[in-house]
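Using the sequences plus the hints, can you model the full thing?
Chain by chain, the residues run as shown.
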Amino acid sequence: MEPILEVRDLHVRFATPRGEVHAVRGVGFGVGREKVGIVGESGSGKSMTGRAILRITPRGCRTSAARIALGAENLLAASERRMREIRGRRVSMILQDPRFSLNPVMRVGDQVAESYLVHHRASKREARERALDMFSQVRIREPRRVYDLYPHEVSGGMGQRIMIAMMLIPEPAILIADEPTSALDVTVRTQVLAILDDLVTRRGLGLLFISHDLNLVSTFCDRVLVMYAGRIVEECLAADLENARHPYTRGLLESMPRLDAPRERLPVLKRDPAWLE
Amino acid sequence: MSFLAVRDLRVAFGGPDDRNMAVDGVSFSIAEGEAYGLVGESGCGKSTILRAISGLNAAWHGDIVLEGTALDARRTLAQYRRTQMVFQDPYASLHPRHTVDAILSEPLAIHGLDDAHGRVDRALDQVGLGREFRFRYPHQLSGGQRQRIAIARAMILEPRLVLLDEPTSALGVSIQSEVLNVLTDLRRANGLTYLLVSHDLGVVAHMCERVGVMRQGRLVLETDAAAIRAGAVTDPYTRRFIDASAGYDRAMALRWDALEEEGAG
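For the record, the sequence lines run as chains S and C. If you read the first sequence in the working numbering, its first letter stands for residue 1, the second for the next number, and so on. If you read the second sequence in the working numbering, its first letter stands for residue 278, the second for the next number, and so on.
Simulated from the structure, these hints should not be mistaken for laboratory data. Among the hints, a few may not be true.
[What the hints assert, rightly or not] Computed footprint of chain S on chain C, listed as stretches where at least three residues anywhere in the stretch have a Cβ under 8 Å from a Cβ of chain S:
| # | segment |
| --- | --- |
| 1 | 443-451 |
| 2 | 457-471 |
| 3 | 502-513 |
| 4 | 521-532 |
Quantities reported herein were computed from a predicted structural model and do not represent experimental measurements. The C-beta atom is built at its ideal place from N, Cα and C for all residues, glycine as well.
In structure tokens, the structure reads:
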């Protein structure tokens with residue numbers, strides 16, 4: 001598949017009082033019109049990878065890469081001004097908890113309309129119509145009523161639908177979703193994922209789905225990258241994750257309590273220093 | 278006679294105008310040595326039940342009977358000792374400026390137990406942490422190690438009933454398995470009774486023999502873990518919860534949407 005986003009030999013390092021931490025160590029992958037999952041435990045570097053692409057790593061981080069490209073455009077050479085155009089317009093990001101991503105003192109509809117206005121020449125009325133239309137697309141049943149609500153008046157699932165609407169209204173080519181459903185209940189999660197799934201298929205955009213949940217990634221994504229200690233240790237089709245070969249992936253899969261295979265004690269993952277080589 | 282019997286438990290928050298029945302007439306009982314799991318989505322009232330049983334929240338109505346004795350809002354020291362709790366977030370439940378030694382010694386001092394030194398050492402052994410952890414501070418520990426300390430703090434008083442409020446939901450899967458194993462081992466070694474609250478059906482079915490499913494303050498279903506594993510559950514809400522827990526399924530999502538459209542129309 002022709003990649004829309006291409007990342008090669010990405011490194012992220014940041015300074016701490018105890019010395020430099022090398023959080024991402026030579027990661028490379030491509031994302032086409034598909035759902036690619038990055039899965040790993042906390043500290044594996046999966047979120048840093050997503051942030052490094054958009055150049056929104058925390059202060060003090062140093063990012064280097066052989067290549068970060070969006071289509072034909074080399075993002076490594078993009079000016080800060082150009083990056084501001086790219087963020088949102090070409091590459092969007094959805095974070096874990098909508099309560100922290102939405103502006104608490106602004107009506108949610110206006111926030112979505114603003115996201116359109118930033119990237120398009122349009123009247124306020126037109127932006128409002130676009131936002132309402134986008135609300136219907138993320139299956140918000142009463143778009144006009146929801147438009148005027150403030151973030152504290154909406155549920156977590158509704159908040160995440162609003163975030164998806166806000167991120168997709170500028171029609172980006174790539175969407176990076178960092179644990180977009182971890183703050184949601186499982187039944188709400190299914191519905192939010194179905195909305196993402198449909199939008200990805202219908203608009204042909206590429207989705208980079210960052211998650212700690214192997215089970216979810218293996219059922220939702222097309223391909224999976226497993227990260228451990230800043231590296232991709234395994235790459236496979238999501239449907240084949242069950243048959244993963246790397247001992248880390250195997251260990252993670254086996255340490256999960258499973259409904260279909262009850263056990264007295266759970267196997268414990270033994271980390272091998274050789275995985276870091 | 279059951280070890281713990283909860284009958285018609287009700288907990289309300291808010292005033293007369295905006296009363297919210299967080300727990301609305303819940304009854305269940307647990308046999309001695311059994312592990313009972315309460316599952317449900319956020320806001321269903323499962324943690325509120327634990328806070329009422331533990332005595333952290335005194336504003337409840339109904340009956341809570343532990344080993345034949347009805348518990349009041351006010352408890353005796355001995356009653357507090359018999360019921361201990363482990364909280365969800367080990368980053369919030371340990372005092373950041375107390376050493377492990379101080380954290381584990383405090384309950385001993387409150388309950389006037391002797392041999393603090395020996396008890397702290399044994400408690401650390403029980404949760405699989407060496408004695409070298411004794412004079413460390415919480416910030417020097419990993420998430421899994423902190424949760425082990427929180428478990429040791431509950432176990433050091435030799436309780437009979439242990440209330441576990443999402444004990445592993447702040448931990449990654451590989452650490453989760455270690456902590457769940459510690460809890461399984463401790464229960465077996467000491468003949469403990471567990472009441473575990475979780476939103477994770479896999480964890481509950483792994484740890485517990487019996488399971489109560491909660492929704493909006495009510496217990497909608499009581500069943501055993503084997504029935505959940507076998508898929509022998511017909512209650513529609515529970516069914517949906519089980520299916521959603523298994524992962525993403527587009528056909529399932531479409532089916533729900535269709536049902537909701539019907540319900541709305």
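Hints and how they fare:
{"no.": "1", "hint": "443-451", "result": "holds (count 3)"}
{"no.": "2", "hint": "457-471", "result": "holds (count 4)"}
{"no.": "3", "hint": "502-513", "result": "holds (count 3)"}
{"no.": "4", "hint": "521-532", "result": "holds (count 10)"}
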